[in-house]
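Please work from the sequences and hints to get the whole structure.
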Amino acid sequence: MKDLVNGLIMIAFLSTAAVTGALEWPALLGDHMVLQQKQPVALWGKAAPGEQITLNASWGAKAAAVAGTDGVWRARLQTPSAGGPYSLTASTASGSKTFKDILIGEVWLCSGQSNMEMPLAGWPPGDPIANSEAEIAAADNPQIRLFTVDKATSATPLSDCRGEWQVCSPATAASFSATAYFFGRTLQKELNTPIGLIHSSWGGTPAEAWTSAECLKTMPEYARVLDQITESQAAMKARQQWLEGHPAFSVTDKPASDRFIGLDFGDDICCAVGLDDAKWGRMTLPVAWENTEMGQFDGVVWFRKTVEVPADWVGRNLVVELGPIDDMDVAWFNGERIGGMEQPGLWQAKRIYKVASELVRPGRNLIAVRVIDTQGGGGLYGGADQLKLYPEDNPEGSLSLAGEWRFLPVAEYQNSRFYQLKVAEADFFSRPKVTVEISANTPTFLYNAMIAPLVPYTIRGAIWYQGESNAGRPREYRTLFPLMIDCWRQQWGGKPFPFYFVQIAPYDYGVATRSQELREAQMLTLRHPRTGMAVTLDIAAPSIHPPNKQEVGKRLALWALAKDYGRKLVCSGPIYKKMAVKVNKIILSFDYTGSGLKAGSAGLTGFEIAGADQHFVPAQATLSGKRVVVSSPQVSRPVAVRYAWSNLATASLFNLENLPASSFRTDDWK
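The sequence shown begins at 0 in numbering that gives the first Met the number 0 and counts up one residue at a time.
Source of the hints: derived by calculation from the structure; they are not laboratory data.
We put the CB at the ideal spot given by N, CA and C, even for glycine.
Incorrect hints may have been included.
Beta-carbon label-pair distances, calculated as ranges [unchecked claim]:
id : residue 1 : residue 2 : range
1  : Leu-655   : Pro-219   : 41 to 49 Å
2  : Glu-292   : Ala-237   : 17 to 25 Å
3  : Thr-305   : Ala-511   : 20 to 28 Å
4  : Glu-424   : Ser-397   : 30 to 38 Å
5  : Ser-399   : Asp-257   : 57 to 65 Å
6  : Glu-132   : Ala-237   : 29 to 37 Å
7  : Ser-397   : Glu-292   : 24 to 32 Å
8  : Val-65    : Lys-421   : 43 to 51 Å
9  : Ser-594   : Asp-252   : 51 to 59 Å
10 : Gly-382   : Pro-124   : 14 to 22 Å
11 : Lys-597   : Glu-395   : 24 to 32 Å
12 : Ala-129   : Thr-88    : 40 to 48 Å
In silico DSSO-like pairs for lysine-lysine, Cα to Cα no more than 27 Å straight-line [what the hints assert, rightly or not]:
id : residue 1 : residue 2
13 : Lys-584   : Lys-567
14 : Lys-421   : Lys-432
15 : Lys-625   : Lys-576
16 : Lys-494   : Lys-562
17 : Lys-37    : Lys-494
The structure is reproduced here in structure tokens:
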């Protein structure tokens with residue numbers, strides 16, 4: 000979803016703890032951090048130009064550096080085998096800083112969109128994590144350390160991010176990425192080694208947002224938007240300066256689950272019955288406000304609607320239904336609060352609020368709703384039939400609330416800060432215009448703000464869970480996804496660190512979207528060195544957010560254990576390798592067959608076969624050792640086979656290690 004660009008000026012290094020003297024540190028260097036074992040790990044910061052920095056680690060290593068003319072210094076410090084806790088002191092003539100409770104172990108970067116972002120607490124009720132309460136209660140493991148990069152966007156690469164290292168506990172794990180946590184938990188248990196997880200993700204975002212401008216320039220599809228970003232630099236700077244002229248406050252001092260509760264954005268004024276809202280805009284609801292004149296916007300928006308209440312409703316309890324609201328809301332009736340949902344993750348929940356009889360007046364009554372949106376689409380976006388007002392004792396006799404509402408944005412949300420706009424002047428409508436979209440979906444904007452600041456922190460590798468937002472452009476993803484991987488590797492010194500990713504799950508994307516081709520593009524990325532793919536065709540009923548993140552994390556960890564940590568195990572389900580035609584049958588061979596192949600509980604289903612006419616029909620499939628034989632009496636001379644080739648297809652082919660085969664096709668017909 001999206002924040003406004005953080006201007007054109009690189010933010011200074013931010014430290015999560017106080018520093019002494021002139022020393023400044025990036026957020027990634029702090030108490031409780033994990034440093035990659037047995038490596039000359041990268042350390043950096045800022046000091047007075049020309050100042051010498053001495054680094055002394057309690058494990059016995061030392062290093063020195065000199066700050067350049069820009070004040071930035073960089074050093075490498077050798078780490079031992081896994082262990083700790085240790086301390087690290089950096090000293091200059093003007094002061095020193097000591098980091099405490101440092102562990103040496105394995106560090107992994109965890110990124111992607113909503114399936115990586117989804118916390119261990121889940122997003123109930125629509126998107127739960129399986130067995131969430133028990134998993135949170137058991138997440139007491141000080142050998143795992145967690146760092147979440149605060150969401151931010153930027154038109155240019157930033158030098159730092161916001162976030163802090165936390166010791167894994169039920170309190171900290173609940174809001175941390177479930178996929179990343181289960182991946183790290185599996186590694187920690189198997190390796191008996193400290194694990195550091197750097198989580199940087201944003202729901203609903205495409206891969207191009209996570210890719211640098213330098214790399215995207217190699218794809219003609221992005222030439223125009225990259226030019227527009229360059230051409231819009233002055234306009235974006237003007238907007239940022241305008242925004243920073245408003246008072247602002249941060250919400251990062253609260254836990255993620257509580258930071259939007261009890262906020263006040265002109266509540267007494269904006270919900271008042273007698274307010275003159277002539278300067279407010281008009282919006283026809285329901286609608287996601289990104290699809291209106293507002294365009295891309297994260298923040299707080301007030302909505303007001305006056306309704307004529309029938310005379311016989313006076314003195315009766317009423318019910319207001321507003322459908323789902325993205326993300327959070329509070330509602331008022333005639334100036335009195337009637338309900339709200341102020342915690343993140345409830346964007347799919349229907350809002351149904353009761354109105355006490357004493358609040359109901361004859362004739363005109365006011366409904367006011369304050370909506371906070373922190374990412375992606377915002378507003379009252381359900382169906383028109385979901386917006387209604389009716390007596391509690393007569394739901395059938397309802398008044399529709401769909402149609403024109405007054406609206407006013409009163410605060411803009413950027414990088415975990417609310418910039419409070421001028422309610423009386425309705426100054427949102429005088430906000431400087433920018434021609435290019437400023438959002439988390441804009442190419443390069445997340446790379447600039449949420450990946451670039453992590454370089455050069457030494458990592459072992461990366462895991463990735465994304466693809467849903469690129470499902471409509473699968474051919475492009477064949478080039479884009481490997482390009483992004485190479486982009487990251489180049490930034491970390493060009494070495495092909497391991498990069499393991501999750502294939503998207505079955506989901507009804509609609510008739511126009513062929514997500515099986517996106518899954519294919521992900522499978523083809525396995526040709527790239529040091530990559531691996533966790534298949535999810537079997538772990539849940541078709542869902543864009545499978546609740547069984549335990550298995551997702553475990554399957555990602557299998558790749559790391561087998562390829563990076565020397566474990567003798569099968570890390571993948573069957574991956575299509577080749578085919579051979581034998582009279583009227585096609586014989587399929589696979590990689591990663593493990594101890595052998597087996598069918599699912601319903602047998603081998605989901606296979607299709609076609610002749611030269613490219614017309615696919617359902618096929619019979621049987622096992623023959625580690626191969627699958629496919630045929631149909633309707634096709635006497637077959638040339639191609641497809642398996643699980645639809646948005647909603649689920650797995651029926653496994654190896655004996657219970658890992659599912661990826662969907663595939665032997666042809667490449669468009």
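Here's how the hints hold up against the structure:
1. Leu-655 / Pro-219: 41 to 49 Å: holds, 46 Å
2. Glu-292 / Ala-237: 17 to 25 Å: holds, 20 Å
3. Thr-305 / Ala-511: 20 to 28 Å: violated, 40 Å
4. Glu-424 / Ser-397: 30 to 38 Å: Holds: the Cβ-Cβ distance is about 37 Å, inside 30 to 38 Å.
5. Ser-399 / Asp-257: 57 to 65 Å: violated, 35 Å
6. Glu-132 / Ala-237: 29 to 37 Å: Between Glu-132 and Ala-237, where Cβ atoms are some 48 Å apart, the hint is violated.
7. Ser-397 / Glu-292: 24 to 32 Å: holds, 29 Å
8. Val-65 / Lys-421: 43 to 51 Å: holds, 48 Å
9. Ser-594 / Asp-252: 51 to 59 Å: The hinted range 51 to 59 Å holds for Ser-594 and Asp-252, with Cβ atoms some 53 Å apart.
10. Gly-382 / Pro-124: 14 to 22 Å: holds, 18 Å
11. Lys-597 / Glu-395: 24 to 32 Å: Taking Cβ atoms as reference, Lys-597 and Glu-395 lie about 54 Å apart, which means the hint is violated.
12. Ala-129 / Thr-88: 40 to 48 Å: holds, 44 Å
13. Lys-584 / Lys-567: Violated, at roughly 35 Å.
14. Lys-421 / Lys-432: Answer holds: Lys-421 to Lys-432 is near 17 Å, not above 27 Å.
15. Lys-625 / Lys-576: holds, 12 Å
16. Lys-494 / Lys-562: holds, 16 Å
17. Lys-37 / Lys-494: holds, 16 Å
In the structure shown, a violation is registered for the earlier hints numbered 3, 5, 6, 11, 13, in ascending order.
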